[in-house]
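Enquirer: The lines below spell out each chain.
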Amino acid sequence: MESVTLVAVTAANTAPDMALLDRLASRLAPVFHLSITVSNSPIDAAFAYTPERCQYYSTRLVAALAALPTRPGEHILGITPLDLFVPILTFVFGEAQLRGPAAIVSYHRLTEEFYGLPADAALLDQRLLKEAVHELGHTLGLRHCDDWSCAMASTHTVELLDLKGAELCPHCRRE
Amino acid sequence: MTKGRILIVDDDPVVRDSLSQWFQSEDYETGACDGAASALAELARHSYEVALLDIKMPGVDGIELQHRLRELEPDMPVIIMTGYATVETAVRALKNGAYDYITKPFDPDELVHLVERALAQRAAVQEVDRLRESLTQMNPARDLIGASPAMRRVNELVQTVAPTDATVLITGESGTGKEVVARAVHAASPRRLHPLVAIHCGALTDSLLESELFGHEKGAFTGAHARKKGKFEVADGGTVFLDEIADISLHTQTDLLRVLQEKEITRVGGTQTLKVDFRAIVATNKRLEKLVEEGTFRPDLYYRLNVFTIDIPPLRSRREDIPLLIEHFLDRFAVSMNRPRQKVLPATVEMLIEYAWPGNVRELENAIERALLICRERELPPEAFPFQAHPITPAAEGRSLDEIEKHHIAAILSESQWNLSRAARILDIDRTTLYNKIRRYSLQEE
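Same order as they appear, the protein sequences are chains A and B. The first sequence runs contiguously to residue 175 in the numbering used here. The second sequence runs contiguously to residue 446 in the numbering used here.
Quick caveat, the hints were computed from the structure, so don't treat them as lab data. Check each hint, because a few of them may be wrong.
As the list claims (entries may be wrong) - Stretches of chain B that chain A covers, calculated by requiring three or more beta carbons in the stretch to come under 8 Å of a beta carbon on chain A:
#1 23-36
#2 40-54
#3 99-110
It should be emphasised that the depicted structure is a prediction, and the values quoted were computed from it without experimental measurement. Using N, Cα and C, we set each Cβ at its ideal position, and we do this for glycine too.
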């Protein structure tokens, strides 16, 4: 991986929060020691909307991101406020192609408002950073890590997400 | 190493594939099958630790498949996947022995926890099996000590009857080791992983014995503050050993006969009939047929008990076993007293072989224990045994049995430095009895 481009994935009634993407880019860069850019061309997720679930099918969105024109060594990370799912699961925080160029992270369930709590922008930034590192880790070929504090630890709740760090553990870093 | 091997059976390829993929990303190994036939074939080839089965599949559904999987892999927890949860579905799945059920689509956190719990349960079940097996190996059937033809015969009888469920009647003089033989039968039987519950019928009053054997309901009698299980219930799947069977009253004999015939009990004060599963071993030092003639033992109970009899010979008729028993007790007491193992002088062994042992093996055991307590020498001399140092002579003319008992108890108390537990052990009576006798004879420590 030589560079990462963050792409906003939105729907007609949802405006992309570009400031959030900018903040994420600046925090991601030191983790992977490479340049992170934010694309000015959001993609429309309407084609992945599944009415019976009222959610967006993440595997289709990842495929669409992977189809975007890229430079060699460039990885695409979609960032979306939309609620994502795969058919067998009620939701996913994100999805990635293992050793592939594309991944997506949803911050729909990373906000405190989703759980009926007051908004916390700083906490959302942290959670989004951890999920972004996690999915990009998958695109680098990293699997889930047994070290609960590593960004590659598998987490399905924000409670566990808050416990782990945004850094890769020494073992995953070596990988 | 992966976290576990999961078999996924669903006719929907999307579910099958994405579930496999997801579990693989969570570090599980997976096998995916589209129906019962392929699942059974897959299970014949590879082993799995948990199975996730779709409840609705063409042909054989998840519940039916679960039945078949249980026959192949009884320890493998099965989780049923349903499109929508209904009480009926859940009850059906759980009644059929499913570990749990989960509704599609799955909450990822719930799914992970469910599989982790199922794996933990399987591991626990297997751990219990392993520990049971190790326990069996660590505590092998207590060997019946003795190389004499008489004891070899007893051993043969034990090995013959142990694998069956037949009632065993053990006869022999007091102290010959009837309970040891009963434990050997239990330990060599298929019931060995279940409890052996022993009860000494002669030690209890009629009503207490009934309550001990059959249990009682709360409020059945004064002092019955809570429901209590009887020995037959406690021994469920195991063996009940009824010692001193000749001492039970005719009334309790009637109840006991019913339990042995019907394998059913009713707790004292209760109305509910409970099925019990046990094997009975009974023992007596009396001749039951004589008691039947005298009318103090029910003949029908006698015939029920006298299915397979093992008669243990007295120690005096198998003196060649005495050196082996001495070595056995020296080993055992060295461990229980936490002392270096002592030996016995050849002259002492000769003397012990010659002695009549009216109290049989129990008397020998007690004599060795007492000798070890009072003698710290590496090799026990004949003097360490009181019947040698102070031979028991016939009572002097005019001395009553009470006087002999008083003097004997006083001598043992003195030997054991008034350690009541030790003295009671040597005298082979309980502490309360000893205490009562001390009071009765007004014995005092000098």
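Enquirer: Against this structure, judge whether each hint is valid.
Expert: Tested hints:
1. 23-36: Answer holds; 3 residues pass the 8 Å Cβ test.
2. 40-54: Three-residue rule not met by the segment 40-54 of chain B, so violated; n is 0.
3. 99-110: holds (count 6)
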